[in-house]
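K.L.:
Line by line, the protein sequences are chains A and B. Quick note on numbering: the first sequence equals residues 1 to 114 in the working numbering. Quick note on numbering: the second sequence equals residues 1 to 113 in the working numbering.
These aren't lab readings, by the way, just hints derived from the structure by calculation. Honestly, I wouldn't trust all of these hints.
Below, computed lysine to any residue pairings styled on SDA-like, alpha-carbon distance capped at 25 Å [said to hold, decoys possible]:
| id | chain 1 | residue 1 | chain 2 | residue 2 |
| --- | --- | --- | --- | --- |
| 1 | B | 57 | A | 16 |
| 2 | A | 70 | B | 100 |
| 3 | A | 73 | A | 41 |
| 4 | B | 70 | B | 40 |
| 5 | B | 70 | B | 39 |
| 6 | B | 57 | A | 56 |
| 7 | A | 3 | B | 97 |
| 8 | A | 3 | A | 56 |
| 9 | A | 16 | A | 50 |
| 10 | B | 9 | B | 39 |
| 11 | B | 14 | B | 52 |
| 12 | B | 57 | A | 70 |
| 13 | A | 3 | A | 43 |
| 14 | B | 57 | A | 47 |
| 15 | B | 57 | A | 100 |
| 16 | B | 14 | A | 100 |
| 17 | B | 71 | A | 44 |
| 18 | B | 9 | A | 16 |
| 19 | B | 9 | A | 109 |
| 20 | A | 73 | A | 48 |
| 21 | A | 73 | B | 100 |
| 22 | A | 3 | B | 40 |
| 23 | A | 3 | B | 38 |
| 24 | B | 57 | A | 31 |
| 25 | B | 57 | B | 88 |
| 26 | B | 70 | B | 58 |
| 27 | B | 9 | A | 99 |
| 28 | A | 70 | B | 97 |
| 29 | A | 3 | A | 40 |
| 30 | B | 70 | A | 99 |
| 31 | A | 3 | B | 13 |
| 32 | B | 57 | A | 109 |
| 33 | B | 71 | A | 46 |
| 34 | A | 73 | B | 41 |
| 35 | A | 70 | B | 98 |
| 36 | A | 3 | B | 14 |
| 37 | A | 3 | B | 99 |
| 38 | A | 3 | B | 98 |
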Amino acid sequence: AQKITQTQPGMFVQEKEAVTLDCTYDTSDPSYGLFWYKQPSSGEMIFLIYQGSYDQQNATEGRYSLNFQKARKSANLVISASQLGDSAMYFCAMREVGSRKLSFGAGTTVTVRA
Amino acid sequence: NAGVTQTPKFRVLKTGQSMTLLCAQDMNHEYMYWYRQDPGMGLRLIHYSVGEGTTAKGEVPDGYNVSRLKKQNFLLGLESAAPSQTSVYFCASSTGQGIQPQHFGDGTRLSIL
Numbered sequence: 001a002q003k004i005t006q007t008q009p010g011m012f013v014q015e016k017e018a019v020t021l022d023c024t025y026d027t028s029d030p031s032y033g034l035f036w037y038k039q040p041s042s043g044e045m046i047f048l049i050y051q052g053s054y055d056q057q058n059a060t061e062g063r064y065s066l067n068f069q070k071a072r073k074s075a076n077l078v079i080s081a082s083q084l085g086d087s088a089m090y091f092c093a094m095r096e097v098g099s100r101k102l103s104f105g106a107g108t109t110v111t112v113r114a
Numbered sequence: 001n002a003g004v005t006q007t008p009k010f011r012v013l014k015t016g017q018s019m020t021l022l023c024a025q026d027m028n029h030e031y032m033y034w035y036r037q038d039p040g041m042g043l044r045l046i047h048y049s050v051g052e053g054t055t056a057k058g059e060v061p062d063g064y065n066v067s068r069l070k071k072q073n074f075l076l077g078l079e080s081a082a083p084s085q086t087s088v089y090f091c092a093s094s095t096g097q098g099i100q101p102q103h104f105g106d107g108t109r110l111s112i113l
């Protein structure tokens with residue numbers, strides 16, 4: 001069964017606007033972590049933000065914030081004030097405490113327009 | 001700021017050839033991982049290691065072997081390359097404490113003809 005679902009294969013956003021990338025997950029483990037990674041066209045995987053299942057507040061890192069809705073099993077990434085350099089593929093991933101591996105979604109391609 | 005370094009960055013092999021991908025990390029991380037990324041998909045775990053001298057299978061281990069003789073190095077081997085192993089390979093590392101982010105290398109693009 002798919003553990004991470006990203007339903008938006010591609011999105012366009014105007015420079016300086018905010019964009020929300022959807023991510024839903026499936027787990028029965030009460031302890032887990034959620035991650036977002038950015039993969040620009042150059043290919044490297046860049047860690048952006050992390051949310052623990054027991055964290056009371058939504059994680060924020062600069063222009064990135066994670067809208068964590070535990071009951072809905074949702075962990076959406078919000079990028080505020082988009083920049084041209086934000087154009088990339090974005091992956092949502094989850095690791096359950098009893099597992100060593102990260103389960104990745106299929107990714108969402110974001111294109112920022114000037 | 002080396003972090004996780006993968007060598008080589010690109011390689012083309014013929015079917016049946018063997019090769020080894022090298023991953024080195026300088027962050028003193030306990031855990032290391034090898035993933036593959038195929039078009040339209042996220043990353044899938046091949047093998048991982050939770051410490052020097054230990055290895056374990058991930059979700060797609062067939063056709064690959066690994067070794068972790070030193071804490072900082074994690075090697076991925078293809079004994080007899082097949083076209084289905086054409087992919088981009090990523091190495092990652094993380095601390096062994098709690099659920100921590102994995103830090104990735106820049107990837108190795110491997111083509112099997």
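K.L.:
Which numbered hints turn out to be false for this structure?
P.N.:
Numbers 1, 3, 4, 5, 6, 11, 12, 16, 18, 27, 31, 32 and 36 - these are the hints that the structure violates, sorted from lowest upward.
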